[in-house]
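> So the chains spell out like this:
Number of protein chains: 2
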Amino acid sequence: MNISHRQVNKRVRFTDASGNPLAGKDIKVKQIAHKFLFGCGGFDFMPYVIDGNEFFKDITEKWLEIFNYATLPFYWGNFEPEEGKPDTENLLKTAKYMQSKGVKVKGHPLCWHTVCANWLMQYDNATILKKQLERIDREVGTYKGVIDMWDVINEVVIMPIFDKYDNAITRICKEKGRVGLIKQVFDEAHSINPGATLLLNDFNTSISYEILIDGCLSAGVPISAIGIQSHQHQGYWGKEKIEEVLERYSHFGLPIHFTENTILSGSLVPEYIEDLNDWQVEEWPSTPEGEERQCKELEEMYRMLFAHPLVEAITTWDFRDGAWLKAPSGIIRKDGTVKPAYDMLKNLIHKEWSTDETLTTDENGFVKLDAFKGEYNIEAKGTNVNAVFLKDGEQQIII
Amino acid sequence: MNISHRQVNKRVRFTDASGNPLAGKDIKVKQIAHKFLFGCGGFDFMPYVIDGNEFFKDITEKWLEIFNYATLPFYWGNFEPEEGKPDTENLLKTAKYMQSKGVKVKGHPLCWHTVCANWLMQYDNATILKKQLERIDREVGTYKGVIDMWDVINEVVIMPIFDKYDNAITRICKEKGRVGLIKQVFDEAHSINPGATLLLNDFNTSISYEILIDGCLSAGVPISAIGIQSHQHQGYWGKEKIEEVLERYSHFGLPIHFTENTILSGSLVPEYIEDLNDWQVEEWPSTPEGEERQCKELEEMYRMLFAHPLVEAITTWDFRDGAWLKAPSGIIRKDGTVKPAYDMLKNLIHKEWSTDETLTTDENGFVKLDAFKGEYNIEAKGTNVNAVFLKDGEQQIII
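Chains as they are written, first to last, in the working numbering: chain U, 1 to 399; chain F, 1 to 399.
Rather than coming from a laboratory, the hints here were simulated on the basis of the structure. Beta carbons are placed, not taken as given, at the ideal position from N, Cα and C, and that holds for glycine. It is possible that some hints are incorrect.
Claimed, not checked - Computed list of lysine to any residue pairs in SDA-like fashion (alpha-carbon distance at most 25 angstroms, straight line):
| hint | chain 1 | residue 1 | chain 2 | residue 2 |
| --- | --- | --- | --- | --- |
| 1 | U | Lys96 | U | Ala33 |
| 2 | F | Lys174 | U | Ala33 |
| 3 | U | Lys176 | F | Glu243 |
| 4 | F | Lys176 | U | Tyr249 |
| 5 | U | Lys176 | F | Tyr249 |
| 6 | F | Lys391 | F | Leu348 |
| 7 | F | Lys25 | U | Ala33 |
| 8 | U | Lys104 | U | Pro309 |
| 9 | F | Lys346 | F | Gln99 |
| 10 | U | Lys174 | F | His308 |
Stated by the list, open to error - Ranges of calculated distance between the beta carbons of each label pair, as one might list FRET restraints:
| hint | chain 1 | residue 1 | chain 2 | residue 2 | range |
| --- | --- | --- | --- | --- | --- |
| 11 | U | Glu82 | F | Pro194 | 39 to 45 angstroms |
| 12 | U | Lys174 | F | Met1 | 24 to 30 angstroms |
| 13 | U | Met1 | F | Thr88 | 38 to 44 angstroms |
| 14 | F | Lys130 | U | Ile3 | 49 to 55 angstroms |
| 15 | F | Lys334 | U | Asn125 | 51 to 57 angstroms |
| 16 | U | Asn125 | F | Pro194 | 30 to 36 angstroms |
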């Protein structure tokens with residue numbers, strides 16, 4: 001698979017401050033950050049950052065060895081269980097800690113019919129919508145500069161026909177229409193933070209989601225990237241489906257984010273289950289064979305997505321087993337030990353898809369370099385400087 | 001089922017030209033036209049009107065005993081098989097003939113990927129789109145005043161992913177997006193005939209079509225009515241599906257037209273057939289049991305649709321057996337003899353859902369009247385006048 005679009009083809013000239021070339025010198029070029037967003041759910045940071053839990057300290061350290069991008073939970077029902085008392089501080093502290101570690105943070109989600117605040121249901125539709133927009137103002141405004149990426153609205157394909165239980169968001173989506181509601185929440189988020197990356201996110205990858213995106217773009221909704229969930233609790237999608245989904249969603253020319261990726265290392269959910277939330281089990285063990293399979297499937301999928309020019313982000317949903325549905329969905333086990341998938345990803349991202357080379361400059365101070373896009377530490381003559389490589393061509397670095 | 005919304009509740013006062021009441025007189029009130037559009041494919045008018053074919057003269061007379069609304073074919077590939085030589089005159093003659101018989105005519109369709117003009121494929125996409133819009137200009141302009149109702153674009157849900165064969169319209173839909181193309185063709189039709197009734201039409205009744213309509217309305221597409229095809233070659237939808245489709249498509253508040261309705265009086269197409277066009281048979285007989293079943297199912301469906309306040313039109317697709325796919329899909333047989341469904345519809349529309357009464361005015365010239373919406377012939381004192389009853393309330397008629 002061709003991944004040359006992930007790299008820059010550079011001719012770098014090393015000079016001293018006066019512009020004299022560093023001729024015939026060894027230059028160490030080591031990648032310290034990726035442009036590509038290798039993401040994971042960041043939920044496990046909270047017990048450590050907020051409560052100082054030592055078990056989770058170890059978990060977050062393992063997390064940081066692989067990922068550069070995290071999703072933090074803003075489910076309205078949990079974030080603000082009582083009206084007017086949002087859990088602003090804890091999430092701000094967590095997000096800032098991650099930011100200090102070089103991790104980009106996304107908030108998820110600003111509008112969703114599930115895990116919604118029950119207290120909203122006492123209001124009429126006009127008031128619900130007003131409170132939803134105020135909530136967007138508040139969160140997007142408060143976290144600006146710390147969180148500049150949002151899953152603005154989640155799972156709209158089923159939103160107005162969701163019938164498991166009554167909720168405030170299904171009510172207003174039914175009234176405003178899907179595109180109508182999407183437009184309002186996106187316009188609101190965009191007005192508060194015009195530089196933010198704003199995503200539409202869905203698990204539905206059928207033609208319905210394509211048509212929804214088409215309608216949104218025609219109605220001028222400021223979508224920055226298309227979010228695609230890929231929870232594969234009922235079995236790995238496989239090459240063919242991944243290719244087909246990529247092909248269909250690349251027609252829009254927008255960046256594509258795989259926002260919620262799950263591949264299990266245990267038994268699968270039977271096909272007859274329509275809503276994964278209906279699969280309630282006491283125990284759901286990770287097995288050695290399952291871990292090998294997970295590792296293979298995850299590698300194939302990451303390679304395919306990394307090779308597609310429009311994919312900008314892949315987020316592994318659960319870092320650790322036993323979270324959503326108790327599933328063996330992580331790349332570490334419940335006890336914190338790592339699975340084969342963990343080592344595979346670490347190797348893929350930080351060896352195979354990273355650049356770490358020593359080169360020798362020619363008589364004019366030049367080196368030629370193919371480097372994965374991102375940030376670099378350059379060492380020459382015992383001195384260190386940082387450089388960012390994002391575009392092909394010539395670049396001068398003063399040592 | 002409540003059909004009171006199809007009727008007006010009137011108090012009509014009969015006077016002479018000087019305003020003196022016609023007291024104690026018998027008034028005959030007879031409906032001569034319905035507001036509701038009882039439609040049928042009008043293809044069989046062409047051999048009679050154009051070529052004077054006597055067999056089809058009889059067919060059209062039977063047709064006119066039931067219906068007040070016809071669909072005429074404007075499939076681009078048949079209408080203009082050679083670029084620049086459209087079959088304008090024959091269709092104009094047919095449409096005018098129908099108009100002279102009090103029949104409202106709809107043109108079908110202005111844009112579709114099937115039965116498309118092959119010569120379009122020699123052009124690049126920009127030229128194809130230009131020619132498509134020019135075609136809309138030409139047809140909507142030429143037939144204005146004779147045809148003021150159009151299926152503007154057909155089957156857009158599958159349009160950009162239609163892969164049975166290459167065609168010009170799938171190409172431009174892929175490029176412009178579904179809503180993008182819909183908006184252009186609707187805006188064009190609307191600009192040429194702002195008073196025209198413009199329909200979006202699809203056989204897909206899933207959530208995908210709902211989302212498409214939602215997107216179109218958010219993008220400001222001037223859709224007058226939602227067109228729903230209901231070819232039931234694989235079996236009658238039944239009450240539950242009809243109710244569910246009506247419920248889902250009434251959320252938009254737009255009029256709903258059942259544009260292409262088929263219920264067979266013979267054997268059904270097996271469920272495993274995905275595209276009805278793949279069902280090719282030598283003979284497809286209408287059977288006595290099939291005709292009884294068709295009659296029952298058709299009656300149930302017409303009653304349900306007539307009872308729904310947003311349904312404005314029902315079009316039986318084939319008048320006569322043996323048209324599309326050779327199916328026993330008509331309400332008359334291939335030889336022109338009528339089926340039970342023909343008599344049932346005639347009775348339903350022209351007896352049960354028509355008003356034909358004799359009333360006696362009171363001393364002030366008033367009669368009270370519940371009448372099906374439409375046009376009436378009023379006879380009193382040996383004189384005839386016409387009146388239109390569309391709204392509840394008082395109305396004065398001078399005899």
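> Compare the structure with each hint and give your call.
Comparing the hints with the structure gives:
With a C-alpha separation of about 18 angstroms, the suggested pair Lys96 (chain U) and Ala33 (chain U) falls inside the 25 angstroms cut-off, and the hint holds. Between Lys174 (chain F) and Ala33 (chain U), the direct Cα distance comes to roughly 37 angstroms. Violation of the 25 angstroms bound is thereby established for this hinted pair. With a C-alpha separation of about 22 angstroms, the suggested pairing of Lys176 (chain U) with Glu243 (chain F) holds against the 25 angstroms cut-off. Straight-line distance between C-alpha atoms of Lys176 (chain F) and Tyr249 (chain U) comes to about 14 angstroms, which keeps the hinted pair within the 25 angstroms bound.
Proximity of Lys176 (chain U) to Tyr249 (chain F) is assessed by CA-CA distance (about 14 angstroms); at most 25 angstroms being required, the pair is judged to hold. Taken as a hint, the Lys391 (chain F) and Leu348 (chain F) pair is honoured in the structure, with Cα atoms around 22 angstroms apart against an allowance of 25 angstroms. Between Lys25 (chain F) and Ala33 (chain U) the alpha-carbon distance is near 96 angstroms, which puts this suggested pair outside the 25 angstroms criterion. At most 25 angstroms may separate the alpha-carbon atoms for a hinted pair to count; Lys104 (chain U) and Pro309 (chain U) meet this at roughly 21 angstroms.
At roughly 20 angstroms between alpha-carbon atoms, Lys346 (chain F) and Gln99 (chain F) fall within 25 angstroms of each other, so this suggested pair holds. Our distance criterion of 25 angstroms between C-alpha atoms is met by Lys174 (chain U) and His308 (chain F), whose separation comes to about 20 angstroms. Checked against the given bound of 39 to 45 angstroms, the beta carbons of Glu82 (chain U) and Pro194 (chain F), roughly 54 angstroms apart, lie outside it. At roughly 25 angstroms, the beta-carbon separation of Lys174 (chain U) and Met1 (chain F) lies within the given 24 to 30 angstroms, and the hint holds.
Take Met1 (chain U) and Thr88 (chain F): their Cβ atoms lie about 55 angstroms apart, and the range 38 to 44 angstroms is violated. A beta carbon spacing of about 40 angstroms between Lys130 (chain F) and Ile3 (chain U) contradicts the range 49 to 55 angstroms that was offered as a hint. At about 55 angstroms, the CB distance of Lys334 (chain F) to Asn125 (chain U) agrees with the hint of 51 to 57 angstroms. Between Asn125 (chain U) and Pro194 (chain F), the C-beta spacing of about 33 angstroms keeps the proposed range 30 to 36 angstroms intact.
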